[in-house]
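Please take these sequences and the hints and turn them into a complete structure.
First to last, the sequence lines map onto chains A and B.
Residue 48 in the numbering used here sits at position 48 of the first sequence; the count goes up by one each step and never skips.
Residue 186 in the numbering used here sits at position 186 of the second sequence; the count goes up by one each step and never skips.
Treat the hints with caution; some may be incorrect.
To be verified - Below are the EDC-like pairs computed for lysine to aspartate or glutamate, each with C-alpha atoms no more than 20 angstroms apart in a straight line:
| id | chain 1 | residue 1 | chain 2 | residue 2 |
| --- | --- | --- | --- | --- |
| 1 | A | Lys163 | B | Glu72 |
| 2 | A | Lys163 | B | Glu106 |
| 3 | A | Lys157 | A | Asp181 |
| 4 | A | Lys157 | B | Glu95 |
| 5 | A | Lys157 | B | Glu98 |
| 6 | B | Lys55 | B | Asp12 |
| 7 | B | Lys152 | B | Glu61 |
| 8 | B | Lys152 | B | Glu113 |
| 9 | B | Lys152 | B | Asp26 |
| 10 | A | Lys157 | A | Glu172 |
| 11 | A | Lys163 | B | Glu98 |
| 12 | B | Lys152 | B | Glu3 |
| 13 | A | Lys163 | A | Asp183 |
| 14 | B | Lys152 | B | Glu98 |
| 15 | A | Lys163 | B | Glu95 |
| 16 | B | Lys55 | B | Glu3 |
| 17 | B | Lys54 | B | Asp13 |
Hints were generated in silico from the structure; no laboratory data involved.
Chain residues, written in single-letter form:
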Amino acid sequence: MGVVLDGLVLGLQLALLSVGVVFVYGLGGVLNLAHGQVAVAGGLVAALLLQAKVNPVLSGLGGVLAAGLVALLLDRTLLQPAYRRRGEERLLLALILTLGTSFALDGFFTFRYPNVALSLRLPAPSVEVAGITVRTASLAVGALSLVTFGLLLVFLKGTRLGKAIRCIIQNEAGAWLCGVDVDRARTVTLFLSGVLAGVAALGQGFFSYLGPDMGPEFTILALIVAVVGGVRSLTGTFLASLLLGMVNAALSYWVGTYLTWIALLAVAVATLLVRPEGLLAYWP
Amino acid sequence: MLEVQDLWAGYDDVAVVRGVSLRVADGEAIAVLGPNGAGKTTLFRSLVGLVRPKKGSVRFEGRPLHGLRPHEVVRQGVAYVAAERELFPQLTVLENLELGAYARPEGARQRLEMVFELFPRLAERRGQRAGTLSGGEQQMLAIARALMAQPKLLLLDEPSTGLAPRLVAELYRRLETLRRQGVTILLAEQQVGAALGLCSRVYVLKDGGVAFEGEAAELRGSAQLRMAYLGGT
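What follows is the structure in structure tokens.
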């Protein structure tokens, strides 16, 4: 039972990380390889604020905001030449630009902040709910991600800009012709992807700790989920996150954590072999 | 209303539109004819900002349109119905229409009623996903969505593409209604007969330039002219 809950929460955590990647890909035609570094930036800012004795809630918010701003900056500066191209050319140029960014940020973080780590400890390590012992960290991360996704859903379904963003994913030219400023919507989406990554970084801080060198790991996790879910499908991304979360939790429980990476990659490879477009490639 | 002067546009280093000049007066319906590859679509795309003109000017009601981005062009009162229709396939008819009013949310309710009156079939199918409509219905929806932006000038690129002759006739009756209601129309067409019935003046494009310009009646009356510029259609 505890394993199922761990798997679910881990799945939500993976979803936080990968939904941003999928969104940016669907909307901007850009696969952001610096996504994990954006998350780490947020986590490090939160850690530094905590070190400076800022209130923990404000530190968390500050970290999330910082991650959003790093992504926004990336959109407004480095990605601009990529946006001027279309299709595969844009994808390729953006891959190189964001890969370079990821190396630069990794180097900066590990050089400048080698010993800074985000670790969020709750007052009690575990509580008993309906006869089951549950880690408080799991509850915190579960609640945090559900609230975040709730807000995201309200934004997408309930606001003008949110609806515009959903329609851009379906048809960019159609959106322009309806009077949607696609460039601005893309900037907002990059910011939101950063915010989601920042929340994921906080989640990592609750679970264990987040270090300055964890960017590549986050990026790869997000990409695995995106591949399994179908890089254009939000529903697929969500289901893939939960599936991989479960697989991961079950394996660490019964076998050992050393196998989890291999298992995640195996699932991704198997998906590519059976359904190269992802599990739910053609779903909205 | 619309004044295009020596417009050059294209992709990368290739100019597809080479020095086109044309005028559309308030309340007119104008046809741009010509074979595939003559530059009709690129001309339209450069008018609405989907392609950035390399040279020349586009003025709408005296204000420059060139250099504006597509969403700003819509706000100026110019709506474009692309040949590909560019609908949102997963969204319903109603949602597509609502997004059509994105640039001009005020008064969207009344325009929705107006649009449903013009295209009763869309009212029947308002809850259906756009991707599941027939070709004719999708074209109607594309035009209806453009009308939701309350355009003064409506640009239509090959509206009859893929439609059965009966549907083409029906479509052009609707366009005639729109023109009488005061919507100015500029359309590109391969079905010369249908376009000549609606439009008062005609531009024929060839290799990216204007090869002929004149009254629609001239072309209607002269098989020779039609043969010379349009390959005998």
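Hint by hint, here is what the structure shows:
1. Lys163(A) - Glu72(B): 19 angstroms, holds
2. Lys163(A) - Glu106(B): 17 angstroms, holds
3. Lys157(A) - Asp181(A): Holds: lysine 157(A) and aspartate 181(A) sit about 18 angstroms apart, inside 20 angstroms.
4. Lys157(A) - Glu95(B): Answer holds: lysine 157(A) to glutamate 95(B) is near 12 angstroms, not above 20 angstroms.
5. Lys157(A) - Glu98(B): Between lysine 157(A) and glutamate 98(B) the Cα gap is close to 14 angstroms, so the pair holds against 20 angstroms.
6. Lys55(B) - Asp12(B): 14 angstroms, holds
7. Lys152(B) - Glu61(B): 10 angstroms, holds
8. Lys152(B) - Glu113(B): At roughly 18 angstroms apart (the allowed maximum being 20 angstroms), glutamate 113(B) and lysine 152(B) satisfy the hint.
9. Lys152(B) - Asp26(B): Measuring from Cα to Cα gives roughly 9 angstroms; hence the hint holds.
10. Lys157(A) - Glu172(A): With a Cα-Cα distance of about 18 angstroms, the restraint between lysine 157(A) and glutamate 172(A) holds, given a limit of 20 angstroms.
11. Lys163(A) - Glu98(B): 10 angstroms, holds
12. Lys152(B) - Glu3(B): Judged against 20 angstroms, a Cα distance of about 14 angstroms means the pair holds.
13. Lys163(A) - Asp183(A): 15 angstroms, holds
14. Lys152(B) - Glu98(B): 19 angstroms, holds
15. Lys163(A) - Glu95(B): 10 angstroms, holds
16. Lys55(B) - Glu3(B): 14 angstroms, holds
17. Lys54(B) - Asp13(B): Holds. Lysine 54(B) to aspartate 13(B) sits at ~10 angstroms (cutoff 20 angstroms).
In summary, the structure agrees with every hint in the numbered list given earlier.
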